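K.L.:
All chains, please: the whole structure from these sequences, using the hints.
In order, the protein sequences belong to chains A and B.
Position one of the first sequence corresponds to residue 1 (our numbering), numbered consecutively onward.
Position one of the second sequence corresponds to residue 1001 (our numbering), numbered consecutively onward.
Please keep in mind that the hints were generated in silico from the structure rather than gathered at the bench.
Everything numeric in this text was worked out from a predicted model, so none of it was measured.
Ideal placement from N, C-alpha and C gives every residue a C-beta, glycine not left out.
Be careful, since some hints might not be right.
[To be verified] The calculated SDA-like cross-link candidates involving lysine to any residue, where the alpha carbons are at most 20 angstroms apart (straight line), are:
(1) B/1060 / A/150
(2) A/64 / A/251
(3) A/178 / B/1333
[Unchecked claim] Over 10 angstroms on every C-beta distance to chain B, these chain A residues come out as not near it, computed from the model:
(4) 71
(5) 75
(6) 83
[Stated by the list, open to error] Reference listing, derived: stretches of chain A covered by chain B, where coverage requires no fewer than 3 residues with Cβ under 8 angstroms from a Cβ of chain B:
(7) 116 to 126
(8) 129 to 137
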Amino acid sequence: MSIATDTSTPGLAGGAGGPLLGLRGITKTFGAVQALNGVDLDVPAGQITALVGDNGAGKSTLIKTVSGIWAPSDGVISWEGRPVEVHTPRDADDLGIATVYQDLALCDNLDIVQNMFLGHELLTRRLLDEATMEKTAKQTLADLSVTTVQSVRQPVGSLSGGQRQSVAVARAVMRDAKLVIMDEPTAALGVSQTAQVLDLIHRLGERGIAVLVISHNLTDVFEVADRIAVLYLGRLVSSGPIADYDTQRTVELITTGGSSTRSDGNGTGNGTAESKD
Amino acid sequence: MTTQQTPPPATPTDGPEPSPAAGATHRRSAVAPGAVSLDLAAQAPELSNSVGEYLRAWVKRIRSGESGLLPVVGGLLILGIIFQVKSHYFLTAGNLTNLLVQGAVFVLLGMAEIWVLLLGEIDLSIGYVAGIGGVVTAILAAPPDNFPWWAAILIALAVTAAIGALQGALVILLGLPSFIVTLAGLLGWEGVLLYLVNGHGTGGTIRLSNSVLLDLSNGNLSPVASWVVMVAGVAAFGAVTILRDRHRRVSGLVAPPMAVSVAKVVLVAVAGVGLVLITNVNRSVIGNLRGLPYVVLIILGFLAAWTFVLGRTRFGRYVYAIGGNPEATRRAGVSLGWNRLWAFTLTGLTAGAAGILYTSRLGSISNNIDGGTLVLYAVAAAVIGGTSLFGGRGRMVHALLGGLVIATIYNGMGLIGLAADYQYMLTALVLLAAVTADALARRGRAKA
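P.N.:
So this is what it looks like as structure tokens:
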């Protein structure tokens, strides 16, 4: 039943094989609370997928499942067509899934280079290879056109919100991530810095990196995303190319789960219809 | 800062109408790179090309709250001037050398404390852990065991490292606050110390008789050897500094201007020459007492080794990272447990070494060692030097400078005939001044 949501989309997702990341029937319960209920979602390679939904819809729960913070209660995660187990952040990292958390997970007391290589320091003769790390960090930032940072040796605590976001993203890119997951990347940013970050997301797409971005801000979503997926009360109620959606429809899906157009009480059955709009 | 108003929040109703039609048109025009260029006050001075630029960046950094070692060095100078005015004996070679030897224990205990302070933890037990290091050394080196001096030291250091590891394991595995675990240690290890000393059956005091052990704090290099060691040390420091800069330049990275590096080496050379000139003066009224005390070399050895571990190894990097943001460090795939355990272990080990130096200086260890005061001096030394109590910020050299401040007060107050009451009060004021300076600097940094 809920598979219908996805079977409708592969044709639109670009024909280059299956999706990069495939979720099937992902369920997560915390005691009596069911945070995710049989979520099926495909994230195609090289595209920007926006995950939207109201507070408590399960967006953060879903990305934490994919990034190894906790295991799903039920369901299958497949990566490049193969089923995989993601138990720890390290597992996700090894697959090529990098997550940029809302709180950015940076150490304010360390500088940009140290943060970008945290947990993956380069060594020569068992000692830190600062010169190579600094060069690589600079190159990565330059590749992403992050030019607002004066020195890669300044502590991250002295950076602006947009710059911190850039550092967190650059860290993911530097490790050859194939999928970058971003949780509310623009939530705390001003106008120009939001533009910076959206620009950065575009460049990730141009480099063939898939992006799964959670956002509350539909302006940003429509500006940056190739595809959209809507969560409502732990269920994926709709997903498809962004061209099939407009703000009004998306708002309706977010707030009501699309119940006004639903024929059955299930909510997932109509995903097919919506994707074909 | 260029932070503007937050964009309209995510209320679905006020999103502007996008064009849902073509995939290409919903791409917004690219923002020119560098459109939001920020002037960062806290720019690292290492990354300047000329001396003038370097100095300007340095001044800017101090203004923005990154005052570094300036306050503690200034404080040390002021204290020195005050005590010299009050007692002309203060700045004599004999007294300065004595001060270095007295300060050694505070410095080493401060270094021990910095390992856990960097993690954002605290260790209240190191005073008595140091005591146990001294007691174990003294017992093993004395009859009936008569261990060679090096074996006694190695076993004592292993014991105190194990104590550190045990306390660390309780903190890490059971999630207990380090404050409480090491408070229990403060009481418990004093009990163990009393048990060991009283059980030794020499009337509450264990004397050191091994000449090597006594020389650790009381012996000196010969004047010639002092010069040789000092020149070698300065040459090594100079080589490391210059080679590192050259390596950076060859790799195409910005390095400090050559003049600044040379000035740094010259400064260290001047300090080294001064140190040897002072310690090579005959400080004995009768006979001949000259040369650099071994204890100075031991302290500098620990300083170099621990600074190296903190600055150049993964483990050192993770200690800072855990102190800065443990959750971020965990998500980066770093094992918090093992790294924290090693830091606690090094705290125990360094404290043990301090205890051995303490015992060596007194020539004996007794059951009335005041480990409670020693640990407070250790924390004070680290904080006065500039290490943060909240984790992630600090360097081993802070313990050296902070420990010297405390030794200066201790020594100077004794010279001008003021007893412990004044000494404690002045130490308290200096500690408060150091913490206040840090807090004000932080406020400056937050504003900048």
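K.L.:
Against each hint, give a clear statement of whether it holds in the structure.
P.N.:
Each hint, compared with the structure:
Restraint check for residue 1060 of chain B and residue 150 of chain A: the C-alpha separation of about 15 angstroms stays at or below 20 angstroms, so the hint holds. Proposed proximity of residue 64 of chain A and residue 251 of chain A is contradicted: the alpha carbons are some 24 angstroms apart, above 20 angstroms. For the given pair, residue 178 of chain A sits about 18 angstroms from residue 1333 of chain B by alpha-carbon distance, which is consistent with the 20 angstroms threshold. The non-interface label for residue 71 of chain A is consistent with chain B: the shortest C-beta to C-beta separation is roughly 16 angstroms, beyond 10 angstroms.
For residue 75 of chain A, the condition that its CB be more than 10 angstroms from all CB atoms of chain B holds, with the nearest at approximately 23 angstroms. Chain B leaves residue 83 of chain A outside its interface by the beta-carbon criterion, the shortest separation being 23 angstroms against a cut-off of 10 angstroms. Look at the segment 116 to 126 of chain A against chain B: 6 of its residues bring a Cβ nearer than 8 angstroms to a Cβ of that chain, three or more, so the hint holds. Check on the segment 129 to 137 of chain A: 4 of its residues sit with their Cβ under 8 angstroms from a Cβ of chain B, so the three-residue criterion for coverage holds.
Of the numbered hints given earlier, the model fails hint 2 alone.
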